[in-house]
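Taking the hints into account, I'd like the entire structure generated from these sequences.
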Amino acid sequence: MNGLWFFGFLMAMLEHVNRPLVVVLDNASIHTAKTLKPYWDLLEEKGMRFYFLPPYSPELNCVELLWHKMKYEWFPFKTFMPDELEQAIDEIGAEFGSKYTLTFC
15 MNGLWFFGFL MAMLEHVNRP LVVVLDNASI HTAKTLKPYW DLLEEKGMRF YFLPPYSPEL
75 NCVELLWHKM KYEWFPFKTF MPDELEQAID EIGAEFGSKY TLTFC
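In case it helps, the working numbering puts the sequence shown at residues 15 to 119.
Every clue listed holds true.
Once the Cα atoms are required to be at most 27 Å apart in a straight line, the calculated DSSO-like pairs of lysine-lysine come out as:
#, residue 1, residue 2
1, K85, K113
2, K60, K48
3, K113, K83
These are calculated hints, taken from the structure and not from any lab test.
In C-alpha coordinates form, the structure reads like this:
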(Lines of atoms letter the chains of each structure in order from A and count residues from 1; the text may use other names and numbers.)
(Lines give C-alpha, C1' and ligand atoms only; values in the text may rest on other atoms or scores of the structure.)
Protein backbone atom coordinates (compact mmCIF):
# COMPACT_ATOMS: atom_id res chain seq x y z
CA MET A 1 0.00 0.00 0.00
CA ASN A 2 1.16 3.51 -0.73
CA GLY A 3 -0.21 7.03 -0.92
CA LEU A 4 -1.79 6.57 -4.35
CA TRP A 5 -3.49 3.36 -3.21
CA PHE A 6 -4.84 5.28 -0.20
CA PHE A 7 -6.15 8.04 -2.49
CA GLY A 8 -7.97 5.39 -4.54
CA PHE A 9 -9.46 3.98 -1.34
CA LEU A 10 -10.71 7.43 -0.31
CA MET A 11 -12.22 8.04 -3.75
CA ALA A 12 -13.99 4.67 -3.54
CA MET A 13 -15.44 5.70 -0.17
CA LEU A 14 -16.83 8.85 -1.74
CA GLU A 15 -18.60 6.82 -4.42
CA HIS A 16 -20.62 5.00 -1.76
CA VAL A 17 -21.49 7.89 0.55
CA ASN A 18 -23.69 10.85 -0.35
CA ARG A 19 -22.83 13.13 2.56
CA PRO A 20 -19.73 14.83 3.98
CA LEU A 21 -17.17 12.48 5.52
CA VAL A 22 -14.88 13.15 8.46
CA VAL A 23 -11.68 11.11 8.27
CA VAL A 24 -9.40 10.88 11.31
CA LEU A 25 -5.89 9.77 10.45
CA ASP A 26 -2.77 8.90 12.33
CA ASN A 27 0.57 9.95 10.89
CA ALA A 28 1.38 6.70 9.12
CA SER A 29 3.47 7.26 6.00
CA ILE A 30 0.59 6.12 3.79
CA HIS A 31 -1.51 9.02 5.17
CA THR A 32 1.19 11.66 4.82
CA ALA A 33 2.79 10.62 1.53
CA LYS A 34 3.97 13.48 -0.66
CA THR A 35 2.16 11.85 -3.58
CA LEU A 36 -1.14 12.70 -1.83
CA LYS A 37 -0.51 16.46 -1.62
CA PRO A 38 -2.05 17.27 -5.02
CA TYR A 39 -5.22 15.37 -4.09
CA TRP A 40 -6.12 16.82 -0.66
CA ASP A 41 -7.97 19.81 -2.14
CA LEU A 42 -9.89 17.58 -4.56
CA LEU A 43 -10.98 15.27 -1.74
CA GLU A 44 -12.06 18.23 0.39
CA GLU A 45 -14.04 19.69 -2.52
CA LYS A 46 -15.87 16.37 -2.73
CA GLY A 47 -16.87 16.61 0.95
CA MET A 48 -14.08 14.94 2.93
CA ARG A 49 -12.64 16.62 5.98
CA PHE A 50 -9.34 15.37 7.38
CA TYR A 51 -8.13 15.54 10.94
CA PHE A 52 -4.71 14.22 11.92
CA LEU A 53 -3.97 12.85 15.35
CA PRO A 54 -0.93 14.34 17.10
CA PRO A 55 2.31 12.56 16.08
CA TYR A 56 2.44 10.11 18.99
CA SER A 57 -0.94 9.72 20.61
CA PRO A 58 -1.79 6.06 21.23
CA GLU A 59 -4.46 7.13 23.72
CA LEU A 60 -6.40 8.69 20.82
CA ASN A 61 -5.94 5.83 18.38
CA CYS A 62 -8.59 3.12 18.85
CA VAL A 63 -6.43 0.47 17.20
CA GLU A 64 -3.61 1.19 19.65
CA LEU A 65 -6.02 0.94 22.59
CA LEU A 66 -7.36 -2.36 21.29
CA TRP A 67 -3.88 -3.81 20.73
CA HIS A 68 -2.77 -2.73 24.24
CA LYS A 69 -5.81 -4.39 25.82
CA MET A 70 -5.25 -7.58 23.81
CA LYS A 71 -1.54 -7.71 24.56
CA TYR A 72 -1.61 -6.96 28.28
CA GLU A 73 -5.01 -8.19 29.47
CA TRP A 74 -6.64 -10.66 27.11
CA PHE A 75 -3.80 -12.73 25.67
CA PRO A 76 -2.46 -15.50 27.86
CA PHE A 77 1.34 -15.50 28.08
CA LYS A 78 1.61 -18.52 25.75
CA THR A 79 0.08 -16.35 23.01
CA PHE A 80 3.45 -14.78 22.42
CA MET A 81 4.62 -18.01 20.86
CA PRO A 82 4.22 -17.54 17.08
CA ASP A 83 1.88 -20.49 16.53
CA GLU A 84 -0.51 -19.29 19.25
CA LEU A 85 -0.87 -15.64 18.24
CA GLU A 86 -3.13 -16.06 15.20
CA GLN A 87 -5.46 -18.38 17.10
CA ALA A 88 -5.76 -15.90 19.99
CA ILE A 89 -6.49 -13.00 17.62
CA ASP A 90 -9.19 -15.07 15.90
CA GLU A 91 -10.78 -15.91 19.26
CA ILE A 92 -10.85 -12.29 20.37
CA GLY A 93 -12.28 -11.22 17.01
CA ALA A 94 -15.04 -13.81 17.25
CA GLU A 95 -16.02 -12.77 20.77
CA PHE A 96 -15.36 -9.03 20.55
CA GLY A 97 -18.35 -7.12 21.86
CA SER A 98 -19.49 -9.89 24.18
CA LYS A 99 -16.60 -11.47 26.10
CA TYR A 100 -14.09 -8.81 25.04
CA THR A 101 -15.12 -5.15 25.16
CA LEU A 102 -13.51 -1.72 25.14
CA THR A 103 -14.93 1.29 26.90
CA PHE A 104 -13.88 4.87 26.31
CA CYS A 105 -14.03 7.66 28.88
